[in-house]
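**Student:** Sequence:
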Amino acid sequence: MSFDGMFTHAMVNELNQNLRGGRISKIQQPFANELILTVRSNRKNRQLLLSAHPSYARVQITDQPFANPAKPSTFVMSLRKYITSAIVQDFHQLNNDRVVMIDLSAKNELGDIHDYTLITEIMARHSNIFLISKETGKIVDLIKRVSPENNSYRGLLPGDDYKLPPAQNKVNPFTTSETGTGLSASDLRAKFEGIGLDTSKELADFVEAGHNLAEFTDLYQNQIHPNTAKSNDKNKLGFFPISFTNTTTEVTAYPSLSELLDNFYLDKARLDRIEQQTKSITHRLDIILKKDKSKIKKLNQQLKKTDVMSKYNLYGELLTTYMSKIKHGSSSITLTNYYNNEDVTIKLNPEYSPSMNAQSYYKKYRKLQNSIPHINEQLEITTNEVNYLESVLASLEYVDIEDVDGIVEELISSGYIKKKRKNARKKRKKKIGENFQTTNGIEITVGKNNLENDQLTMKLSQKNHYWFHVKNIPGSHVILKTSTPDEDSITQAAVIAAYYSKARDSSKVPVDYVQIKHIRKPNGAKPGYVIFEGQKTILVDPDRKLVESLKEN
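Under the UniProt record's numbering, the first residue of the sequence shown is numbered 1, with each subsequent residue one higher.
Just so you know, not all the hints are guaranteed correct.
What the hints assert, rightly or not - Under the rule of at most 25 angstroms between Cα atoms (straight-line distance), these lysine-lysine pairs were calculated in the DSS-like manner:
1. K230 with K545
2. K81 with K71
3. K508 with K536
4. K459 with K517
The set of hints was computed from the structure by calculation and includes no laboratory data. Computed from a predicted model, the values in this text were never measured in an experiment.
Using the sequences plus the hints, can you model the full thing?
**Tutor:** Now the structure itself:
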């Protein structure tokens with residue numbers, strides 16, 4: 001299911017129950033399209049996420065941690081000026097559209113009360129967040145400014161009159177007396193506002209079973225059952241505010257709509273935020289990777305050419321042996337190969353003497369022979385670099401947003417990117433790795449980048465501790481801090497290793513494990529690269545719930 005008008009209706013009810021009457025104590029914009037308002041309500045701080053992301057736009061309470069950028073955006077500065085300490089009067093929805101309005105009451109520096117509306121429009125790539133003055137109806141500021149030449153329908157700049165999105169002229173299913181009887185799913189979508197594809201199919205089945213639209217909307221008012229489930233037809237995971245009859249596989253229930261969205265968008269939003277922060281870096285690494293792979297292809301082609309090396313040596317030997325049979329000016333000669341008694345036809349340069357022709361083949365032989373060590377050396381260097389860069393790019397798929405700084409530091413120290421003179425990022429935490437504990441109380445530490453992997457494995461861990469890593473796949477080094485691990489602890493460490501790897505979304509992932517004393521790092525090897533022997537291998541399924549339960553707070 002998408003974040004349609006029906007889901008929005010249920011979410012607005014949840015937000016009113018939890019945040020109405022609260023006070024805004026903090027305003028952040030951790031990412032370009034996302035705003036975080038910390039609301040103090042019922043003696044508890046809650047984070048309200050307003051997202052204008054083109055794919056993941058939504059409104060929810062979130063428990064995910066967000067770092068406060070060193071330099072606030074212009075939009076945040078405007079919000080802090082006008083609505084810091086504002087009281088949340090109400091959440092409401094524009095009819096049954098995906099437009100959430102938050103009524104706010106705030107005092108200015110003179111103590112005068114002013115009313116504002118913070119509006120989140122969930123409209124795919126046109127999603128936006130506005131602060132509107134109720135007194136003037138004008139836009140105070142907005143998260144995405146759009147010049148008039150790019151939007152002829154309405155002004156999208158501070159100071160413009162706020163105009164609602166284009167009306168769809170559909171019926172609000174929560175206020176109509178119509179029953180929906182006899183309408184197909186597509187007819188329901190065309191007639192009623194805010195009904196998405198999955199909702200329309202569910203409603204059509206609901207009405208066909210003898211119920212009506214009023215009973216269906218009552219579920220969204222009074223019988224919320226947040227869940228994720230897979231649809232029967234496409235087997236695609238979706239999120240739902242109520243129990244849908246046509247999504248009966250792998251149903252997972254959640255206590256609230258917000259917790260449901262936190263879980264559903266956890267990896268999607270994380271990867272997107274990491275991409276936003278590392279777009280220029282990954283672009284540079286992709287260029288280097290493309291050049292390296294092209295170089296490997298050319299080196300292999302050069303290596304293949306050396307296959308004729310032994311033939312050139314043979315030709316030189318035969319020409320030297322049968323020198324007296326070669327006539328000056330001949331373009332070829334057929335001689336007997338005394339190694340296998342077969343005839344061999346050898347091309348000659350008519351302008352060369354017999355001796356010069358023999359020396360020409362010896363020269364070609366020596367040139368190719370001398371090139372092999374250089375080609376092999378370059379192949380090894382370039383292949384190692386490709387493996388290293390692929391491991392770095394893979395790590396961006398499974399690390400948390402707060403670990404990005406460590407990867408950037410690693411790339412700076414490795415010379416792949418230059419250090420900025422004035423780095424706006426906050427200093428990276430000094431703690432090495434992330435800590436976990438098995439159900440039997442054994443400590444586990446996970447490296448979040450290749451520099452940490454090296455430090456954990458080669459410097460900070462004891463030689464009799466156990467090292468885990470996915471087999472032949474980029475991933476974190478995982479250290480199980482014991483010399484006598486039990487089976488449960490081995491399995492749990494392997495699950496963590498599989499989870500913090502490129503194989504996170506796979507099943508039956510092979511994980512190697514061995515004592516650290518059997519691991520060594522070759523001289524000059526890239527960060528994170530080690531070789532080992534005597535390992536055992538275990539097959540496990542990555543399990544987020546298990547990993548989260550083992551994480552130390």
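**Student:** Can you list which hints this structure breaks, lowest number first?
**Tutor:** none
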